[in-house]
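What follows is each chain in one-letter form.
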Amino acid sequence: MSQTIRVALVGQPNVGKSELINAISGASFKVGNFAGVTVEKKEVHVTRGGYEVIITDLPGIYSLNAYAPDEEVTKRFLLQGAYDLIINVIDSNAVSKNLDLTLQLLELDTKVILCFNMIDEVEKSGGSIDNVTLSKALGVPVMLVSAKETRGVDVLVQKILEMHAFGEANHNLVYDRNIEMALERLCALLEKDEALAPHKRFYALRLLENDKDIYRLIHDKRIFLEFYEVLLHEQAKLGILEAEENHAFVMASARSSIIKFLCSIAVKQPSYDALSRKIDTLLIHKLFGLPLFFAIMWLLFQVTFVIGEIPMAWIEEVVGAFADVVKNALPEGVINQAISEGVIPSIGAVIGFLPNIIILFLGINLLEQTGYMARTAYLLDGIFKRFGLHGKSFIPLVTGFGCSIPAYIATKTLKNPKDKLITMLVISFFSCSARLPVYVLFVSAFFEPENAGNLLFAIYVIGAILGLVAARILRGLIFSGQSEPFVMEMPKYRLPSLFALLKELQIRSILFLKRAGLFIGSASLVIWFLSTYPLDEYGVSVPLEQSYIGTIGKAIEPVFEPLGFDWKMSIAAITGLAAKEVAVGTLAALNSVEMEESEPSEGLIAVVRESIDFKAGVAFLILMMVYSPCFAAMGAFFSEVKETKWRLLYLLFPNITAWVLAYSVVHLLAFIGY
Amino acid sequence: MKLSEAKLNQSYTITKITAKAPLSYRLLSMGFSLGSPITLLAMTIAKGTFDVRVESTIVALRKEEAEAILIEQCA
Numbered sequence: 001m002s003q004t005i006r007v008a009l010v011g012q013p014n015v016g017k018s019e020l021i022n023a024i025s026g027a028s029f030k031v032g033n034f035a036g037v038t039v040e041k042k043e044v045h046v047t048r049g050g051y052e053v054i055i056t057d058l059p060g061i062y063s064l065n066a067y068a069p070d071e072e073v074t075k076r077f078l079l080q081g082a083y084d085l086i087i088n089v090i091d092s093n094a095v096s097k098n099l100d101l102t103l104q105l106l107e108l109d110t111k112v113i114l115c116f117n118m119i120d121e122v123e124k125s126g127g128s129i130d131n132v133t134l135s136k137a138l139g140v141p142v143m144l145v146s147a148k149e150t151r152g153v154d155v156l157v158q159k160i161l162e163m164h165a166f167g168e169a170n171h172n173l174v175y176d177r178n179i180e181m182a183l184e185r186l187c188a189l190l191e192k193d194e195a196l197a198p199h200k201r202f203y204a205l206r207l208l209e210n211d212k213d214i215y216r217l218i219h220d221k222r223i224f225l226e227f228y229e230v231l232l233h234e235q236a237k238l239g240i241l242e243a244e245e246n247h248a249f250v251m252a253s254a255r256s257s258i259i260k261f262l263c264s265i266a267v268k269q270p271s272y273d274a275l276s277r278k279i280d281t282l283l284i285h286k287l288f289g290l291p292l293f294f295a296i297m298w299l300l301f302q303v304t305f306v307i308g309e310i311p312m313a314w315i316e317e318v319v320g321a322f323a324d325v326v327k328n329a330l331p332e333g334v335i336n337q338a339i340s341e342g343v344i345p346s347i348g349a350v351i352g353f354l355p356n357i358i359i360l361f362l363g364i365n366l367l368e369q370t371g372y373m374a375r376t377a378y379l380l381d382g383i384f385k386r387f388g389l390h391g392k393s394f395i396p397l398v399t400g401f402g403c404s405i406p407a408y409i410a411t412k413t414l415k416n417p418k419d420k421l422i423t424m425l426v427i428s429f430f431s432c433s434a435r436l437p438v439y440v441l442f443v444s445a446f447f448e449p450e451n452a453g454n455l456l457f458a459i460y461v462i463g464a465i466l467g468l469v470a471a472r473i474l475r476g477l478i479f480s481g482q483s484e485p486f487v488m489e490m491p492k493y494r495l496p497s498l499f500a501l502l503k504e505l506q507i508r509s510i511l512f513l514k515r516a517g518l519f520i521g522s523a524s525l526v527i528w529f530l531s532t533y534p535l536d537e538y539g540v541s542v543p544l545e546q547s548y549i550g551t552i553g554k555a556i557e558p559v560f561e562p563l564g565f566d567w568k569m570s571i572a573a574i575t576g577l578a579a580k581e582v583a584v585g586t587l588a589a590l591n592s593v594e595m596e597e598s599e600p601s602e603g604l605i606a607v608v609r610e611s612i613d614f615k616a617g618v619a620f621l622i623l624m625m626v627y628s629p630c631f632a633a634m635g636a637f638f639s640e641v642k643e644t645k646w647r648l649l650y651l652l653f654p655n656i657t658a659w660v661l662a663y664s665v666v667h668l669l670a671f672i673g674y
Numbered sequence: 001m002k003l004s005e006a007k008l009n010q011s012y013t014i015t016k017i018t019a020k021a022p023l024s025y026r027l028l029s030m031g032f033s034l035g036s037p038i039t040l041l042a043m044t045i046a047k048g049t050f051d052v053r054v055e056s057t058i059v060a061l062r063k064e065e066a067e068a069i070l071i072e073q074c075a
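Chains as they are written, first to last, in the working numbering: chain A, 1 to 674; chain B, 1 to 75.
Note that these hints are calculated values from the structure, not bench results.
For glycine and all other residues, C-beta sits at the position ideal for the given N, C-alpha and C.
Any given hint could be a false lead.
Quick list of in silico lysine to any residue cross-link-like pairs, SDA-like style, CA-CA up to 25 Å [unchecked claim]:
| id | chain 1 | residue 1 | chain 2 | residue 2 |
| --- | --- | --- | --- | --- |
| 1 | A | K221 | A | L287 |
| 2 | A | K418 | B | A21 |
| 3 | A | K30 | A | L108 |
| 4 | A | K278 | B | E55 |
| 5 | B | K7 | A | P406 |
| 6 | B | K16 | A | L290 |
| 7 | B | K63 | A | L287 |
| 8 | A | K30 | A | E640 |
| 9 | A | K260 | B | E55 |
| 10 | B | K2 | A | I179 |
| 11 | A | K514 | A | F261 |
| 12 | A | K136 | A | A254 |
| 13 | A | K278 | B | L23 |
| 14 | A | K503 | A | T47 |
| 15 | A | K615 | A | Y533 |
| 16 | A | K418 | B | G48 |
| 17 | A | K159 | A | E123 |
| 18 | B | K20 | A | D213 |
| 19 | A | K385 | B | A68 |
| 20 | A | K503 | A | G363 |
One-sided and incomplete, this derived list gives chain A residues near chain B with beta-carbon spacing under 10 Å [said to hold, decoys possible]:
| id | residue |
| --- | --- |
| 21 | V95 |
| 22 | Y272 |
| 23 | L290 |
| 24 | L530 |
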């Protein structure tokens, strides 16, 4: 049996921890170029030199004074988790800021390897880092690595094995004399408690900074009363109490002077990134910044529609041919019919939209990788604030354009629970890519192709505006109060990596096909069965309207009749609750006869154009834009939010709003003469 | 003077941070400490959000946070 080494990967946000773990293990964790891409801890296993190395990727943390919930995940793991050594990942472009966390980590009494990532960028801009000198000064190994170029990665893994076998949890950190004397006295007291003794210096340091998590740890110990008195005394001597509310300043400036010394002996780097500054003068320009953002988004939706449409006809042909092959290959009977007439056309109708979805995801991924995403948070913060949202909410909301599930998870970077809840409640207004098939279908059916891209853009913008209005209402009605501060790091602009884009393409395609297979496959089987049975006395299917599904459709029709839906659209509106693509699959299944008769290249689009009234079509679009997201997303929401009232609100609010909006628009359209 | 009153592209030094915990911790760990050089790079048209460079890090913050950071012009 091989031995295991547990490694914790720790570092400030956006230093490339996930990228490094991908480089070491060949995993494909999501990477981006802004703080807060990883918000939950994740593990990979690598086997090297007879060891099983388990590396835990932790969310970025600025300091052990944890601030946001994703940082608390990391802190809790560092204090209580099981690990043998820490790799502290550092952005070589911002050494002095990163070392603040490093100095805190070194006190944890664990073996630490410092890993300076992105060293290639520093060298390219003429800087250098002297790892030998740094290593001597700090007393721990210092590695120079570039995860992007997979440079130094093998040496790092070697170092892990070496440190595990021979290394010690030592460091050479010495603070100024007053602090060291205070630490000595505090440690002498902590020594008396067996559980605290092994990490006494770490605890003493944290308690000087009034770390509440450590405070909780010791406050029911027998030594507490005596200790607390000495602590207050020592803090007073260091001037910590006089520093107004800020216990942090004294210790922070003690660390800062050590860091200034370290940087002066070992780090040469240009003071800032001139290229990013130049790009920023345009992209976050006072006047042009916002219009440019909207132009970029508009372009993305144009490309999504125009280029996404090209392969659609090919996909339909392939699916049609495939259905014929299956029909001839399987023995005649119910199964053959169910598959070739039910499942394949439904899945085929949805797969045709895969190119649209992939383009949209790649576009969003590009924004994330270049670092533009963080800038948009800056640009939109003022607008968001007016609607009671946080600039940082923007990142989960834009993620929501891709898929709501990662968007819900991304809200973990929001510190204030109210902000988090409001953001989660409005995420579904920011249309996810699964709705794209419905939009493309209806837009293509009712509007000229020249306008389709604009309309698609308009649908997303209107959805976003509705979301902002909903946020404002929620903030006013139930969540009144202060919103959290907005302080966000703006990353350096970086060229996107082709590899990461290809990975995204692969992940999204597989995910989409799985969903298509699972949701649409099973839903279309059920729909096929319900629309084929019962049989009449001669063993032939009754007309569609008298089938089981016809009967169900007629029964629920009254709910949707005011919106002008027929029973087929009513069924699609209900099945769309499971997943939005299923609504398209349902329409395809229920109109399979009509589709056979239409021109093959037009397919479902033509059927929708022929059989659905314009007003009802618009109402259907609005319903799809606003009502509850898919079951999977609901599950993700429920696992994040436990209170019954918010769950109920989540279930009712979008659906009622959707119906009322659709109803109003139908009547408005009728009023102006459509 | 407050950071929110700074002129664009001028060099300043941080003299005091009046923010309360836990915001003060966050500011400290992003590099806002006493004596740090700071430059206002951009602000939105409504002067609600600021883009500053502190040490070598670029940070966006709101007016409320910028008011809690006191600065003085470099000689």
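We went through each hint and held it up to the structure:
no., hint, verdict
1, A:K221 <-> A:L287, "violated, 59 Å"
2, A:K418 <-> B:A21, "holds, 19 Å"
3, A:K30 <-> A:L108, "violated, 29 Å"
4, A:K278 <-> B:E55, "holds, 18 Å"
5, B:K7 <-> A:P406, "violated, 40 Å"
6, B:K16 <-> A:L290, "violated, 33 Å"
7, B:K63 <-> A:L287, "holds, 19 Å"
8, A:K30 <-> A:E640, "holds, 20 Å"
9, A:K260 <-> B:E55, "holds, 11 Å"
10, B:K2 <-> A:I179, "violated, 31 Å"
11, A:K514 <-> A:F261, "violated, 55 Å"
12, A:K136 <-> A:A254, "holds, 20 Å"
13, A:K278 <-> B:L23, "violated, 30 Å"
14, A:K503 <-> A:T47, "holds, 23 Å"
15, A:K615 <-> A:Y533, "violated, 32 Å"
16, A:K418 <-> B:G48, "holds, 22 Å"
17, A:K159 <-> A:E123, "holds, 23 Å"
18, B:K20 <-> A:D213, "holds, 19 Å"
19, A:K385 <-> B:A68, "holds, 19 Å"
20, A:K503 <-> A:G363, "holds, 14 Å"
21, V95, "holds, 9 Å"
22, Y272, "holds, 5 Å"
23, L290, "holds, 8 Å"
24, L530, "violated, 54 Å"
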